[in-house]
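**Q** Residue strings, one per chain:
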Amino acid sequence: MSETWLIIGGWVSAGLTIFLFSFLYKDNPFFKIAEHLYLGAGMGWLFQVSVTNVWLPKIWEPVMNGELLVIIPSILGISLLTQFIPRISWISRYGFTFMMGYGSGLAIPAGLSTDFLSQIGGTIKPFSMLASMTPFNIFGSLLVAGGTICVLFYFFFSVEHKGHLQKISNVGIYFLMIYFGAAFGNTVMARFSLLYGRFDDLYTYSAVKYFYATQVILVAMVVYFILHSFFTKNKKDVSEEAA
Amino acid sequence: MIKTKVITLIAFMLFAAGSAFAAKPAPAIDGFAALDMPYDVGNAAVLRWPANPADTDDTSYVVYVSTHETGGWLEADRFAAAAKTGKDIELPFWAWNGSAAEHAVKIELNNLFGESLPSSVFQFRVTAEKNKKVIAESAVVSVMPVGNWFRLDRLNNLILLIVLIIIFFWAVSHAKRKGLFIRRIAGLDAIDEAIGRATEMGKPIFYVPGIGSMGSISTIASAFILGEVSKKVAQYDSQIKVPHYDPIVMTVCKEIVKQSYMEAGRPDSYREDINQFVSADQFSYAASVDGMISREKPAACFYMGYFMAESLLLAEVGATSGAIQIAGTDVEHQLPFFFTACDYTLIGEELYAAGAYLSKEPMLLSALKVQDFGKLIVMVSVFFGMILVVLGAKLGWTDFVQGLLHLFKGY
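Top to bottom, those sequences are chains A and B.
Under this note's numbering, think of the first position of the first sequence as 1, with each following residue one higher.
Under this note's numbering, think of the first position of the second sequence as 1, with each following residue one higher.
Please keep in mind that the hints were generated in silico from the structure rather than gathered at the bench.
Do not rely on the hints blindly, as some may be mistaken.
To be verified - Chain B side only, calculated, beta carbon under 10 Å to chain A, not exhaustive:
| # | residue |
| --- | --- |
| 1 | L152 |
| 2 | R154 |
| 3 | N157 |
| 4 | L158 |
| 5 | R184 |
| 6 | P247 |
| 7 | T251 |
| 8 | S279 |
| 9 | Q282 |
| 10 | S288 |
| 11 | A309 |
| 12 | A353 |
| 13 | Y357 |
| 14 | M379 |
| 15 | F383 |
All figures in this text were calculated on a predicted structure; none of them were measured in a lab.
Built from N, CA and C at the ideal position, the CB exists for glycine as well.
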């Protein structure tokens, strides 16, 4: 890639990053440009992914190789598009019915196995090694078992949570909140790494090699916001005077 | 002459003795059998033979497999003599009868030959080795692996499913006759408040169904809630906007909203652009919905369904715009973000319960009852299972404990 293209890429990258960050101040035309560009680019990218990763290898190539069975699921898939033609939209029900049936058949046995049996088995299994467990391990296993029961009880809708039942439910909430706190911290840390990535790019594009792309765009936007604010204020004053 | 004869005779005797010594075969491993692995898709075999009490710690077994009648042997497994007994096969007691006095080895043929097996019949043999020398060898046996239609090892899953189905039908019948009780859920009671606020302010309501497909349970639950919300919106003659990520979800939601407007007696108020497709790219979708919320300043925002990293991006913008916000998802690591930015949050199961809670439909209420019964099974099983396992472990009832663990294994 030539040097010129790298510089152009740097300006586009720094520009779009700053345009999107400008939303932190307020909605503005730069954000709208970036938003619509992102929307269009995202759809374009997904379209080519669908063509190259689904249509070509899963339909076109098998049909060309004589595997005609793929036509059946393809027709079911195409039937969903008939939703856009009201007169024949009933055809889409076949596709939807197949999807719902297939989804249920796949999800129900897996759900039973993981949400019920594995949950119970996983909670009681540590106690089978009682002889080799330290007091701390026993405490940990009891905590997990107790927490499982209390949290599940919080989601039990068939009885009113009053009196002692309310206390069990509250313990469940404490367990949930501890988990949510940990998950929050964990995710925020991960998001910060994304933010550092963007800042790192902005720093890279602020170099002389990129003709100070970050600084120029940033200053230009600040000037725009000041001027915009100034003229909007003037317009407001005029309209107030007229009123 | 005599000297030459004697030398020839000695040489012949030495050669004969050497040949006899070299040809001495290794002792046989008796009772070696290769069988089709039961309850699988037909890509594994199980080998069984009696354990030899004379095996020492440095004895190891090597399993060979071949697709040819003779030769072409491939090492399939190697393990110490004390390992891999009949008890180690991962099948429950009702589907497998293994003992510690035998060796049982599961050979996954697809791991050795690839997903498409090169032959229908496979030859096996096993050798016992000590210090890298073969001390015993089995005869060659063959097996033809076949797929099984019925997974007997999942019998516990089937029984549980049948029990839940019976309870579901009982609950449907009970719900139709007498109704079913559901406790109050605060987040759902706030829906009326949010719609009322939007009506008073004359501002729209944003209902964001998330980025799940129609196969996601939370999206299905969200579609039920959308039905009830849009019915109330139609009754109050307010406005609702539903931006979509998935075209199929949009199609389903269109039908649901249209139906709700008809049920509310306001088909004239229904507009095709209530449901609008935005983007199937996660962050494009988030950026665009953020833009819409910040420009239109809705009075209420609902975030119900499957959400990932866009959860905070959406909820934060909604909070900044001053909207009353109600969220609900079963993605547990996104819930903390909704807690921080929304007024009410439905946690996991509460989202599933919402459709039934709002509509009071007997079918949905029954489904909720079955879920509750499932939770009751888990709570009771964990409590009593824990006590029984502790008792069994304390009293040394190993088979009882193993049997109990088999009952609660997912397979």
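**Q** Decide, hint by hint, whether the structure agrees.
**A** Against the structure, the hints come out as follows:
no. : hint : verdict
1   : L152 : violated (14 Å)
2   : R154 : holds (8 Å)
3   : N157 : holds (5 Å)
4   : L158 : holds (9 Å)
5   : R184 : holds (8 Å)
6   : P247 : holds (8 Å)
7   : T251 : holds (5 Å)
8   : S279 : holds (5 Å)
9   : Q282 : holds (8 Å)
10  : S288 : holds (5 Å)
11  : A309 : holds (8 Å)
12  : A353 : holds (5 Å)
13  : Y357 : holds (8 Å)
14  : M379 : holds (5 Å)
15  : F383 : holds (6 Å)
In the structure shown, a violation is registered for the earlier hint numbered 1 alone.
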